[in-house]
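Visitor: Single-letter residue listing:
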Amino acid sequence: MTDLHLWLIPLVPFAGFLVNGLLCRKAPKPVVTAVAMIGSLIPLLQVSAIVTRFGSLTLPYTESVGTWISSGAFHANFAFQLDQLTLVMLCVVTGVGFLIHVYSIGYMGEEDGYWRFFAYMNLFLFFMLTLVLAQNFLLMFVGWEGVGLASYLLIGFYYTRDSAANAGKKAFIVNRIGDFGFLLAMFLLVEHFGTLSFDKVFSQIALHPAWQGGFLTAIALFLVLGATGKSAQIPLYIWLPDAMEGPTPVSALIHAATMVTAGVYMIARTHVIFDRSPLALMVVAVIGTATAFVAATIGMAQTDIKRVLAYSTVSQLGYMFLGCGVAAYSAGIFHLVTHAFFKALLFLAAGSVIHALSGEQDMRVMGGLRTKIPVTFWVMTAAVFAISGAPPLAGFVSKDAILYQAFISPNPAGRILWAIGLLTAGLTAFYMFRLWYMTFFGESRAAEALEDRGAAVHARHDTKLVLEADPESAHGGHTGSAHAAHGVHESPKVMLVPMAILAVLCVIGGAMGWPEGLGGTNWFSHFLAPAVTSVHLPYEQANIALATGAMHVNPNQAPAGSKQLELLLACISVLVAFSGWAVAHLMYYAKPELPGRLAARLRGLYALIANKYWVDEIYGALVVAPVLFIARWVLSALIDRGVIDGGTLAAGYSAQGFGALVARIQSGNIRSYAGWLALFAALLLVAAYFGWTAQFGLR
Amino acid sequence: MVPIAWYLILSAILFSIGVAAFLIKRNIITVFMSIELMLNAVNLTFVAFAQQWRQVSGQIFVFFVMVVAAAEAAVGLAIIIAVFRARNTLNVDQIDLMKL
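Chains as they are written, first to last, in this note's numbering: chain A, 1161 to 1859; chain B, 316 to 415.
One chain only, chain A, in its complex shape (with noise of 0.2 Å):
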């Protein structure tokens, strides 16, 4: 049984790591190449080799390779566990992060900085293999950190621009906010169960029917305040639009597969928590619909198209967290899957536009693109047609389980959540295919959009060269002239295989969750069934619970669907997808100047979403004003400047100051001396008779 050496997962590519960051920096190309493809193709084989005989297995599968703490009566291992979700999120972690490393092999090969890309890479897939394998909280918070860590690295990869700096710092910063959240909810896990280990909790939790709400609702809100931060949820959802200052790849892999859906693993993974606490439950679906709405709103007026996906991507975390957030974990990972395979696919053709634009990135300035790049047309064509929901590729599947679990729910919000579900389904079928038009159709509007900027460039500059300094045109690391209809050029093969296999799995990725209701047996929910369904309270005990006044909402039992119904929401869902098609197709296909028209007409609205509900601008005069206000006049002025080098520099100069003052005393007078001497004999004296001699009782 302990033969299946989980830890090796995880560590393999950190020796990646620790190789090409230590020792490869001069070393030429394909070495380091050789030790990244390593440091990702190892675990994938391992976690395909677990596939294979994962039947055979008693799950849970746990093992502990040594003690970490060990404090009184608490104690954290470097223990690693292995069940169905697990293994979900292994696949999704290895097989994406191996295929996006193969693509970066072509996307990064003209880069500075190679080594440190790879060494950053594999330090990531450590860290986020860490976290999904972790069997205790503490271990899992290791992860959590260190994947944040790399994320920081990878979107500061191009240190030099200082708006990449800054958006690492920014998601950063904002992270801490979430991990603060999780820190507090695990102090609150030692301080009621006295141990961070996940079975040890879950079974004290499954033992104590009457536990409702209560403290469980205070872990599971802190929980969800940390899992906003890593899954870029409403209210910290700000970081992740810019964190695609890093190179395509890593959005493709970090922001938008795997490390983005920590939050929503983690609450997959803490259910039992939440089961217990209606509330927190229905704060994760309302933040998740939010979220999903507001993202997607604001994904429609993007013209970056990185952007366009960030928020997309921020969009669909809502979904995933909507799914958890009416108790449907299973919807919630299958979808999280899913979206990994056609959000990383959209990233990895947007990458591949970029790259065959030499480094442009406005969608404004793109078009006619169809013919050619055709292959990354064709990927980015499956992806768009997953994500938008069209039946029967993945995107459809997964969303419609979502959408179909938060109307049945319990929830006593569940159809309206399911209403802004839906309608957020159209705007993402509408900004998708907005960004499907704008790159590939029409006429290639690169050659007239250079003009006008160059023309107002002309005018203030008199020079061509302030073009090619333009920053709006050298985003995503390819540098470059913004000639972009010139030198169009296809990827090379080592970008499109792995485009085309996501491709696949985005077409085919569905039949792994084809729901009952058309005809399949939804296998992926009844295969991770066992690791997020809660044990069942015997009846008594639950009679107890009940009894005890304890609001009680068993999400576990069979909500009241039928497969009729759920033919019945897929059909609605289609059409509305396909609406937001239509829609797209009108504006952007069939009539390119209905857009501007239309903006110019609901000018307010346009610049609502268009500015982000200026929600950055909100946050930088709420909190990040007040912060460096703080910052700057109370520690640094008042108390670093004032209080403390001011008291150091006081003493310092008040001790110099009695020195000069008492060596004049050293007059070297003699007769000086004895008047001192006289004058202070005099005042003992004084002092004596009428002081001392009360006070010490020596009269």
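In short, the hints are calculated from the structure, not lab data. Incorrect hints may have been included.
A few chain B residues that don't get close to chain A, going by computed Cβ distances all over 10 Å [as the list claims (entries may be wrong)]:
| id | residue |
| --- | --- |
| 1 | 329 |
| 2 | 363 |
| 3 | 369 |
| 4 | 386 |
Quick list of the computed label-pair ranges, beta carbon to beta carbon [to be verified]:
| id | chain 1 | residue 1 | chain 2 | residue 2 | range |
| --- | --- | --- | --- | --- | --- |
| 5 | B | 345 | A | 1849 | 29 to 35 Å |
| 6 | B | 396 | A | 1836 | 23 to 29 Å |
| 7 | B | 397 | A | 1836 | 22 to 28 Å |
| 8 | A | 1828 | B | 344 | 18 to 24 Å |
| 9 | B | 382 | A | 1842 | 25 to 31 Å |
| 10 | B | 381 | A | 1806 | 58 to 64 Å |
| 11 | B | 342 | A | 1842 | 20 to 26 Å |
| 12 | A | 1842 | B | 348 | 21 to 27 Å |
| 13 | B | 406 | A | 1826 | 15 to 21 Å |
Computed from a predicted structure; not experimentally measured. Just so you know, even glycine gets a beta-carbon here, dropped at the ideal spot from N, CA and C.
With the hints as your guide, set chain B onto chain A.
Guide: Coordinates of chain B only, in the frame set by chain A:
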């Protein structure tokens, strides 16, 4: 019998004259003599209290003071001669090499 207060007053007067002379006079030999005056004022106090309390220790202490004063006079005068040879002056205000 003379009350002890008289002795003490006399002693205080002598001591004060010694202190005043020490502070005022510049000739180092006069300063030296004022120290002797202060020592003898203290000696007078010792003897007076010895008489008062019928204890001989005060008297004995006076002998010690006298011995020390004699030794001090010998050493002090030697120093004064050495200083005079070096500086050719007996004015204490000019003997101030050890100031800061």
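Visitor: Evaluate each hint against the coordinates.
Guide: Hint-by-hint comparison with the structure:
1. 329: holds (15 Å)
2. 363: Its Cβ never comes within 10 Å of chain A, the nearest being 18 Å, so this holds.
3. 369: holds (23 Å)
4. 386: Answer for residue 386 of chain B: holds, closest chain A Cβ roughly 20 Å.
5. B/345 <-> A/1849: 29 to 35 Å: holds (31 Å)
6. B/396 <-> A/1836: 23 to 29 Å: holds (28 Å)
7. B/397 <-> A/1836: 22 to 28 Å: Cβ of residue 397 of chain B to Cβ of residue 1836 of chain A: about 26 Å, so the range 22 to 28 Å holds.
8. A/1828 <-> B/344: 18 to 24 Å: holds (20 Å)
9. B/382 <-> A/1842: 25 to 31 Å: holds (29 Å)
10. B/381 <-> A/1806: 58 to 64 Å: holds (59 Å)
11. B/342 <-> A/1842: 20 to 26 Å: Holds, since residue 342 of chain B and residue 1842 of chain A (Cβ atoms, about 25 Å apart) stay within the stated range.
12. A/1842 <-> B/348: 21 to 27 Å: Taking Cβ atoms as reference, residue 1842 of chain A and residue 348 of chain B lie about 22 Å apart, which means the hint holds.
13. B/406 <-> A/1826: 15 to 21 Å: holds (20 Å)
Every hint from the earlier list agrees with this structure, and none is contradicted.
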